[in-house]
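**Student:** Here are the chains, one letter per residue:
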Amino acid sequence: MTTRMFGERIARVEDDRFLRGAGRYVDDLGADALHAAVLRSPHAHARIVDIDVSAVLDVDGVHAVFTYDDLQGPMAEPLPLLIPHPALTHGRTQYALAKDEVNHVGEAIAFVVADDRYVAEDAVDKIVVTYEFLPPVVGLAAARAAERLVHDDVPGNVAARLEQHVGDAPAAIAAAPHRLSLDLDIERSASTPMEGRGTLARWDTDSGRMQVWTSTQTSTGVRAAVAAKLGLDLGHVDVITPDVGGGFGVKIVHPWPEELLVPLAARALGQPVKFIEDRREHFISSAHERAQVQHVEVGFDDDGRLLGLDVAFWHDNGAYTPYGLIVPIITSTQLLGPYKPHNYRVTFESLYTNTVIVTPYRGAGRPQGVYAMERTMDAIAAYLGKDRADVRAVNFIQPDEFPFDHHLTFQDGRPLVYDSGDYPQLLDKLKALIGWDDFETVRAEAAAQGRRLGLGLACYVEGTGVGPYEGAHIHVETSGKVKVATGLTTQGQGHQTAFAQIVADELGVPFESVEVVTGDTRRMPYAVGTFASRAAVMSGSAIHLAARKVKEKALRIAADALEASVDDLEIVDGSVRVKGAPDSSIALGTVAVLSNPLRYAFDEASGAATQFSVGDPGKPPVAEGEEPGLEGKDFYSPERSTFAAGMHAVIVEIDPDTAEIEILRYAVVHDCGNLINPMIVQGQIHGGVAQGVGGALYERMEYDENGQLLNASFMDFLMPYVTEVPDGIEIDHLETPSPLNPLGLKGAGEAGVIPSAAVFASAIEDAERLDPGNLAVTAMPISPSQLFDLREHHRRGHPVVEEARQRRLETSAQHRKDPS
Amino acid sequence: MSEELHDVRLVVNGVPHDLGVPARRLLSDALRHDLGLTGTHVGCEHGVCGSCTVLLDGTPVRSCLLLAVTVSGSEVTTVEGLTNADGSLGPVQQAFKDCHGLQCGFCTPGFLTTITAGLRDNPCPTHDEAKEMIAGNLCRCTGYQNIVSAVERAAELIAGEGESP
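Protein chains in written order, with our numbering: chain A, 1 to 820; chain B, 1 to 165.
Treat the hints loosely; a few may be bogus.
[To be verified] In silico lysine to any residue, SDA-like type, Cα no more than 25 angstroms apart, as pairs:
no., chain 1, residue 1, chain 2, residue 2
1, B, Lys97, A, Val517
2, B, Lys131, A, Ala11
3, A, Lys126, B, Glu45
4, B, Lys97, A, Glu132
5, A, Lys99, A, Gly73
6, B, Lys97, A, Ile10
7, B, Lys131, A, Asp655
8, A, Lys429, A, Ser54
9, B, Lys97, A, Gly167
10, B, Lys97, A, Ser575
11, B, Lys97, A, Lys553
12, B, Lys97, A, Val566
13, B, Lys97, A, Arg4
14, B, Lys131, A, Thr723
15, A, Lys99, A, Pro170
16, A, Lys126, B, Gly87
17, B, Lys131, A, Glu662
18, A, Lys481, B, Ser88
19, A, Lys126, B, Glu3
20, A, Lys553, A, Ser54
21, A, Lys483, A, Pro399
22, A, Lys126, B, Leu67
23, B, Lys97, A, Lys429
24, B, Lys97, A, Ala11
25, B, Lys131, A, Met679
26, B, Lys97, A, Phe6
27, B, Lys97, A, Asp655
28, B, Lys131, A, Val566
29, B, Lys97, A, Arg9
30, A, Lys633, A, Val566
31, B, Lys97, A, Tyr721
32, A, Lys633, A, Leu555
Simulated from the structure, these hints should not be mistaken for laboratory data.
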């Protein structure tokens, strides 16, 4: 038998080209292209009175400058609202170039095309814009107060208000033996891939075709948008996603203004045009995520069992809502994690501010939801004086309760029904991995040395593999090489490797003979995209199904050639052979030759398929119901999402004087169903945990009251280096297969980042309990200086959180007024 | 183009190149766009992320912070120059493959050049020294775990090469 590839730590086929510097990212393409630069608003909120581009027109090397007035037809309309929702009563999207008003610093106003980026930036600097300043709305407090409006026609700055409930939470809480309420706060971070956005377009004047290469998470989405906005037939537009230097969510938004302006300019100028975003542009003109303010009311019994949970939260969606309500809907539903609240009500408002748009960043609303729920679990445990793990355990959905219906609607518009899982076992594994039951000894030993240790845990459930579908096309060439195409894109997840493993197993071919192409609409025009931990589940399943079709076809053809029954055949190492008689075999390449009856020979192999060589003269050369070629195509479209789960624990040491936070150990227990390639899954977890550490302890988008992003560089936005991440991440897996897809897969991409804010809040609070009283961590991320402030206020008996926060805001406002 | 061009000689991966570039041309742009060596990536353009790190006369530098005209006459090693003479992966490259030290691959060239120089200076790093060696480079995908392992693995591979005849 061929060695089974599924489940093996196969080295990645992508690595060779990346390690040699031979990867092809978008800026590596189009050496002959003109370069674009964008004039962006320096103001958070202003009306545009006039744009004077006259000084640009004489600049040597400038080919074109576009402003709103140059846009026509669909290009002059607002960008698409990608995911409408009935509750999004006041959805607003920007124009490709600002029309009359700018609503955040960084919004695109003019687009210049020149010989190179240097000249294009020179030209941008010469454009003179006259603004009428409007007062900006910055932060959720200002948005809720609504003393100023972001959009004149959106009352209260409220884009949407949505409520879901099951049971009667307020009544259950009122009747509960114990009640608590929490006010929580979580700030902005962002995907921040190492490669920013970038687009290259080439208009073929001769054939009237547009080719676009873009650093996106959805080729088909960009293709449809370019065709619609530029008035081109879909069949005349190709979108190819080359190697992508990280996505993490920000590149699922589409079309970005530049993804339309670049092809528009390429067509207008008859020359290829390229836009490559720089780092500052990425901070101020791409997307952010996370910021929410939350209020939790909970009622519970003596064991900590939830009786009613009532959550309200306010979500900062930034200046526009192109991605609809996906992030807050996920928060509101995935907040429930592995628990059964019995009675649940959640209400949210999605609010406009004059800041960068908020769209999914790895985790996509789940980190906020998990933070709310896990802070609540810790608060219940503290209130009852119970073990935090025990309080969680009494609330778990039990293994025999799957499928478990929460009677809510998930982000895909489908019922929130968990397909499978084993949460008690996950908790047991986590406790064993981190040494939960022995921690008090560890803590006491450290305390004896004057060291302050804390242990935190957090649990989550992640809906993965959302629909609607993905597809795959597989073609066995006459050489025996297997060409696989799936339409979703790749940005570092090793799809070429993992998908080839699936094909090698199902088709019975050597792994090395399989080549996988992703994100190329010429090869697979039907696809959705790479987000929501869906690639393995969706395309993996589609590829498996397509490979099965190819296999069935190969066996039918080979059965004729070998004069054997299909049932007696198998495919091993790329050859179809009779079971038990390996000498009676035919190579798949030869089967491919036979599958395509030919009139003309071009080499020896194809000669074997010509009309005087093969076939029964009494039958049509292509049998009824068959098609020429050894190929197969199939699609996977699940009824609903599959739900992965996991639990993290962290041990931190906090300096008793300086409040510096050090990570001593980090443990992850994870269940994403069956693993295709454990090495890749482990890498995904590592990366997610590092991003989680950033989001919990370092990263925040620091806007001032004028809507200026003060830390829009890697100097000031503190992304973790190796020195900030745990030295070693301990991982244990549980594999609870999903019953929803043929390989039992669940998504793994986002898991590592989801519980981070929650697990660090839990650990820090636990460490700080050595101080008198119950210091509550209610705002994340938390820096050493903020923790220090929290301690000081707590010692003075103040209602710490609000005051510390208020003081911080006043201090920073004062600091900004007086920059010296 | 009206910009004045300056003659620059760069010896990149052992191959001499004579270029005419504007004074403001960054070394990173000269390598990528004038010489077509696109393996050197630009992640921040302000010298923080380290993606664009190349070796200038053997020393790691941020090519986004250098003007090409200021390094005329220098020897530059980019990621394309890290393979063995027979075209196989060099030891640091091989270690990254062995340890799954890369995901999207965008930051990888900067790590490879940095570690190549680091192991030349310190062929047997301790675990902490291995971490220190990469502490100036950002990666958003891997969480650095496997990159640290790759530093240690590369040191083993280089030591093994030294032992073999």
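**Student:** Next, verify each hint and record whether it holds.
**Tutor:** Cross-check of the supplied hints:
{"no.": "1", "hint": "B:Lys97 with A:Val517", "verdict": "holds, 21 angstroms"}
{"no.": "2", "hint": "B:Lys131 with A:Ala11", "verdict": "holds, 24 angstroms"}
{"no.": "3", "hint": "A:Lys126 with B:Glu45", "verdict": "holds, 22 angstroms"}
{"no.": "4", "hint": "B:Lys97 with A:Glu132", "verdict": "violated, 55 angstroms"}
{"no.": "5", "hint": "A:Lys99 with A:Gly73", "verdict": "holds, 14 angstroms"}
{"no.": "6", "hint": "B:Lys97 with A:Ile10", "verdict": "holds, 11 angstroms"}
{"no.": "7", "hint": "B:Lys131 with A:Asp655", "verdict": "holds, 23 angstroms"}
{"no.": "8", "hint": "A:Lys429 with A:Ser54", "verdict": "violated, 68 angstroms"}
{"no.": "9", "hint": "B:Lys97 with A:Gly167", "verdict": "violated, 53 angstroms"}
{"no.": "10", "hint": "B:Lys97 with A:Ser575", "verdict": "violated, 30 angstroms"}
{"no.": "11", "hint": "B:Lys97 with A:Lys553", "verdict": "violated, 36 angstroms"}
{"no.": "12", "hint": "B:Lys97 with A:Val566", "verdict": "violated, 41 angstroms"}
{"no.": "13", "hint": "B:Lys97 with A:Arg4", "verdict": "holds, 21 angstroms"}
{"no.": "14", "hint": "B:Lys131 with A:Thr723", "verdict": "holds, 7 angstroms"}
{"no.": "15", "hint": "A:Lys99 with A:Pro170", "verdict": "violated, 46 angstroms"}
{"no.": "16", "hint": "A:Lys126 with B:Gly87", "verdict": "violated, 48 angstroms"}
{"no.": "17", "hint": "B:Lys131 with A:Glu662", "verdict": "holds, 16 angstroms"}
{"no.": "18", "hint": "A:Lys481 with B:Ser88", "verdict": "holds, 24 angstroms"}
{"no.": "19", "hint": "A:Lys126 with B:Glu3", "verdict": "holds, 17 angstroms"}
{"no.": "20", "hint": "A:Lys553 with A:Ser54", "verdict": "violated, 65 angstroms"}
{"no.": "21", "hint": "A:Lys483 with A:Pro399", "verdict": "violated, 41 angstroms"}
{"no.": "22", "hint": "A:Lys126 with B:Leu67", "verdict": "holds, 24 angstroms"}
{"no.": "23", "hint": "B:Lys97 with A:Lys429", "verdict": "violated, 30 angstroms"}
{"no.": "24", "hint": "B:Lys97 with A:Ala11", "verdict": "holds, 7 angstroms"}
{"no.": "25", "hint": "B:Lys131 with A:Met679", "verdict": "holds, 21 angstroms"}
{"no.": "26", "hint": "B:Lys97 with A:Phe6", "verdict": "holds, 19 angstroms"}
{"no.": "27", "hint": "B:Lys97 with A:Asp655", "verdict": "violated, 38 angstroms"}
{"no.": "28", "hint": "B:Lys131 with A:Val566", "verdict": "violated, 57 angstroms"}
{"no.": "29", "hint": "B:Lys97 with A:Arg9", "verdict": "holds, 12 angstroms"}
{"no.": "30", "hint": "A:Lys633 with A:Val566", "verdict": "holds, 21 angstroms"}
{"no.": "31", "hint": "B:Lys97 with A:Tyr721", "verdict": "holds, 21 angstroms"}
{"no.": "32", "hint": "A:Lys633 with A:Leu555", "verdict": "holds, 16 angstroms"}
Hints 4, 8, 9, 10, 11, 12, 15, 16, 20, 21, 23, 27 and 28, counting from the list given before, are not met by this structure.
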